[in-house]
Amino acid sequence: DTGVSQDPRHKITKRGQNVTFRCDPISEHNRLYWYRQTLGQGPEFLTYFQNEAQLEKSRLLSDRFSAERPKGSFSTLEIQRTEQGDSAMYLCASTLAGGSYNEQFFGPGTRLTVL
Amino acid sequence: AQSVTQLDSQVPVFEEAPVELRCNYSSSVSVYLFWYVQYPNQGLQLLLKYLSGSTLVESINGFEAEFNKSQTSFHLRKPSVHISDTAEYFCAVKGGSEKLVFGKGTKLTVNP
Chain X
947 DTGVSQDPRH KITKRGQNVT FRCDPISEHN RLYWYRQTLG QGPEFLTYFQ
997 NEAQLEKSRL LSDRFSAERP KGSFSTLEIQ RTEQGDSAMY LCASTLAGGS
1047 YNEQFFGPGT RLTVL
Chain B
-8 AQSVTQLDSQ VPVFEEAPVE LRCNYSSSVS VYLFWYVQYP NQGLQLLLKY
42 LSGSTLVESI NGFEAEFNKS QTSFHLRKPS VHISDTAEYF CAVKGGSEKL
92 VFGKGTKLTV NP
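Protein chains in written order, with our numbering: chain X, 947 to 1061; chain B, -8 to 103.
Okay, chain B solo, but in the shape it has when bound (with noise of 0.2 Å):
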């Protein structure tokens, strides 16, 4: 079985200000890794994936997050984040089984 904990429920930064959404998790089998982030009243959508390979995945919008096996960790970061990042951050595994297991989230208010 698979878990996940997200340390930080709620996480207020300043515009241009970096940020980390922390993520742990805890799995006997091998994983792959996402972050997905519903925006208020919309649906999750998947920000960026560990599968395999290179343990930097970065996304399309600034985001990036870094596999560490020994620490079974997959953190989020983002070196300056704007008004339009507020949201909610989901980690997520997958692993032996074709469920997402999904920790409580993390929401990022980002303020002017």
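With the rest of the complex left out, here is chain X (with noise of 0.2 Å):
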């Protein structure tokens, strides 16, 4: 399988634990996208990268959370002393930058519950 993954797909946690997860994208894209889902809201975005550069964020995005590309492939997601209201699932998207339209790809999620 090609397309975007994430891991692990289902975290529990309880209350001021910090979580991590992981996006790998479709190989070759050098956009990679953070969007956030709550239950009954579409998508909303996070942050996205180009390569390596963090290039937006949105401000939804509070200092306790920070993502990281570090080598322009995968990306991690790290929310710390989480809350009940991170409960989401967090969506990564991938494209190829490049012409007047990039198509994101989107991996299946990772369901976040926070006791």
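Don't take each hint at face value.
[Said to hold, decoys possible] Below, computed lysine to aspartate or glutamate pairings styled on EDC-like, alpha-carbon distance capped at 16 Å:
no.	chain 1	residue 1	chain 2	residue 2
1	B	K98	B	D(-1)
2	B	K85	X	E1049
3	B	K95	B	E79
4	B	K85	X	E1002
5	B	K95	X	E990
6	B	K40	X	E1049
7	X	K1003	B	E89
8	B	K85	X	E990
The set of hints was computed from the structure by calculation and includes no laboratory data.
Make the complex out of the two chains shown on their own, each in a separate frame, by following the hints.
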């Protein structure tokens, strides 16, 4: 399977703990995006990378959230001191930048439950 | 900034009936428009897109959507639905930045 992969698929944690999610984009895709989807809502943009550079961050991305893409391939999203409001599906997408349109291909998501 | 409104959160229909899922958007710049589908326990998949040109766009599985600039709408239609079309459908716009802005989604349930 050469699609976007995310790990883990499910994560249950206690409030106050740190969690880290991983996203592996489609190989050769140079842009990588993170979105968050809460119950009853559509996905909301968090941040995106072009290669290893983080080019845009949403105001939703509080100081407890940090994302990295150190070698321009896989990316990690860390949430420190988790809160119950962080419970959501975290989606990763990737694309090959260029031209007038860049289709974003989505991974299956990581479902986070904070108890 | 862009915003997307999907007017119906749930749409139940019978198999072989026509369906329309409504989407309106707001933007101060030109946008690209998309419909994504999310089947149970699966990731988002692009269903169809409007970039430019013909305002009527079609998917390979019989869905179509029409871009209406004056009404700022991009409604999704299918003349005859199947059980397998049961899924959640998201309308999205992209304009002025790299991010997609999604609506809240419409859950389509096709009943036998």
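Hints versus structure:
no., hint, result
1, B:K98 / B:D(-1), "holds, 8 Å"
2, B:K85 / X:E1049, "holds, 11 Å"
3, B:K95 / B:E79, "holds, 10 Å"
4, B:K85 / X:E1002, "holds, 15 Å"
5, B:K95 / X:E990, "holds, 10 Å"
6, B:K40 / X:E1049, "holds, 9 Å"
7, X:K1003 / B:E89, "holds, 11 Å"
8, B:K85 / X:E990, "holds, 13 Å"
Taken one by one, the earlier hints all hold for this structure without exception.
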